[in-house]
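Assemble the dimeric complex from its two separately framed chains, guided by the hints.
Taken in order, these protein sequences are the chains called A and B.
Numbered by our numbering, the letters in the first sequence go through residues 1 to 112 in order.
Numbered by our numbering, the letters in the second sequence go through residues 1 to 110 in order.
These aren't lab readings, by the way, just hints derived from the structure by calculation.
Careful, some of the hints might be misleading.
What the hints assert, rightly or not - Within a straight-line C-alpha distance of at most 20 Å, the following computed SDA-like cross-link-like pairs (lysine to any residue) qualify:
(1) Lys3/B with Gln37/A
(2) Lys3/B with Gly42/A
(3) Lys11/A with Ala88/A
(4) Lys3/B with Pro70/A
(5) Lys3/B with Ser58/A
(6) Lys3/B with Asn26/B
(7) Lys57/A with Gly40/A
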Amino acid sequence: DTGVSQDPRHKITKRGQNVTFRCDPISEHNRLYWYRQTLGQGPEFLTYFQNEAQLEKSRLLSDRFSAERPKGSFSTLEIQRTEQGDSAMYLCASSSPGETQYFGPGTRLLVL
Amino acid sequence: LAKTTQPISMDSYEGQEVNITCSHNNIATNDYITWYQQFPSQGPRFIIQGYKTKVTNEVASLFIPADRKSSTLSLPRVSLSDTAVYYCLVQAGNNRKLIWGLGTSLAVNP
Chain A
1 DTGVSQDPRH KITKRGQNVT FRCDPISEHN RLYWYRQTLG QGPEFLTYFQ NEAQLEKSRL
61 LSDRFSAERP KGSFSTLEIQ RTEQGDSAMY LCASSSPGET QYFGPGTRLL VL
Chain B
1 LAKTTQPISM DSYEGQEVNI TCSHNNIATN DYITWYQQFP SQGPRFIIQG YKTKVTNEVA
61 SLFIPADRKS STLSLPRVSL SDTAVYYCLV QAGNNRKLIW GLGTSLAVNP
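In isolation and in its complexed conformation, chain B is listed as follows (with noise of 0.2 Å):
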């Protein structure tokens, strides 16, 4: 399963726009690109997946470029609630175990 790489670490204000950036240089074919987010003493929440190109939902918006081997979650206008743990994964199409990282800790201040 490929691995991924994203910051440790982020600082950001409230009602800006947060990009975080992952990288996978050695996805495959078949596999798409995870986000969730983790609140402490809580179970990882879904945020958006997509295999290219732009996925945008109620929450995020995923931008993927077209050699696929990174990846930007975009928070917009984050508030004190998104301050979270956030982890990219690299999915197999066939959905078995999740592979995950150290996640980005987003610390958003007022």
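The following block holds chain A by itself, in its conformation from the complex (with noise of 0.2 Å):
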């Protein structure tokens, strides 16, 4: 396992789509997290997973965002009709309990 993956890297879309994001954990970590992150500033915390059960979300979460992690393995976030404040980098990262989170990639998510 090379660590936390994410997929797609970018995706651009028109205001009012749908876009669902994809992130494959590190394999033995039974905690992950969704971050939200845009230009300047440090990422913010969305929402997180213990295996299958979402225990936190945060009030940046609205009504058109949804995480699941069914099988407590891969996540997916998914934005319905999105507008141009969701662009943003989107950033999974996984971790055992009590310790370091690790990071994927990103998700950069562009709204037009």
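Set out below in structure tokens:
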């Protein structure tokens, strides 16, 4: 296992379209996190899973956002009816409980 | 979660030692101090983590005084490839969400 992977790396979409991102964590990690990062800012927490259970969601995660981790392995983050303000880098990280979070390369979203 | 404060930017030259200090006055007993490095358009990369005193790995050293209200990341003999943003975070022992500041943008000049 070479680390956390994310797909796609880049996504350009039109306002109003739905997009879905995928994250594959490090295989032995049971915790998975989603963050969002805009230019010049640090990452902002969105949500995290322990195995398949979504344990915490940020207020940043509006009802247009949904995240799943159906089998406790990979996770998807879907944004419905995208808005220009959703343009950002979406980062995924994974960890074991109490251990360091390791990040993937991110998915850069541009909403036109 | 404790908030951290670190300089917005720093400049250095190749071969110099760079020290970036972070203050975290409200750090809790169970909190760890973690530093990440981030290059443009990439995810953050873990550098080092410590609880107290000094921690050293192949990349950096982390100095934490006894009161733990601050920490200093030390990068020995920086090169141009060390130009990046460096984030200091205080991480709860149960390792839930990380709270990020703006980081320190380090520019290493020839």
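Hint check results:
1. Lys3/B with Gln37/A: The hint holds at about 18 Å.
2. Lys3/B with Gly42/A: Holds: Lys3/B and Gly42/A sit about 13 Å apart, inside 20 Å.
3. Lys11/A with Ala88/A: The hint holds at about 10 Å.
4. Lys3/B with Pro70/A: Violated, at roughly 33 Å.
5. Lys3/B with Ser58/A: Between Lys3/B and Ser58/A the Cα gap is close to 17 Å, so the pair holds against 20 Å.
6. Lys3/B with Asn26/B: The hint holds at about 7 Å.
7. Lys57/A with Gly40/A: violated, 23 Å
Checked against the numbered hints listed earlier, the structure breaks hints 4, 7; every other hint is satisfied.
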